[in-house]
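Trainee: Work out the full structure: start from the sequences and follow the hints.
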Amino acid sequence: MGNNLYFSLLRSIVHLDPIQLKCAQEHRRRQLRYDQWWMDKPK
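In this note's numbering, the protein residues as written are 24 to 66.
None of these hints come from the bench; they were simulated from the model. Any given hint could be a false lead.
What the hints assert, rightly or not - Pairwise CB distance ranges, derived in the manner of DEER restraints:
(1) Asn26 - Met62: 26 to 32 Å
(2) Leu33 - Trp61: 26 to 32 Å
(3) Phe30 - Trp60: 28 to 34 Å
Ideal Cβ positions, reconstructed from N, Cα and C, are used throughout, including at glycine.
Mentor: Laid out in structure tokens, this is it:
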């Protein structure tokens, strides 16, 4: 079950057009930066 989900996700990623892909990468970069900030900020 999990494997099929993973492969379908992979397939949908592969089929993204370049502009969407760029947006997705930018979003991921922002998310990572935010996660980093969240981890680093004083509790």
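Trainee: Now, for every hint given, state plainly whether the structure supports it.
Mentor: Outcome of the hint check:
1. Taking the beta carbon of each, Asn26 and Met62 are about 30 Å apart, inside 26 to 32 Å as hinted.
2. At roughly 28 Å, the beta carbons of Leu33 and Trp61 sit within the given window of 26 to 32 Å.
3. One distance hint, 28 to 34 Å for the beta-carbon pair Phe30 and Trp60, holds here, with the actual separation near 33 Å.
The structure agrees with every numbered hint stated previously.
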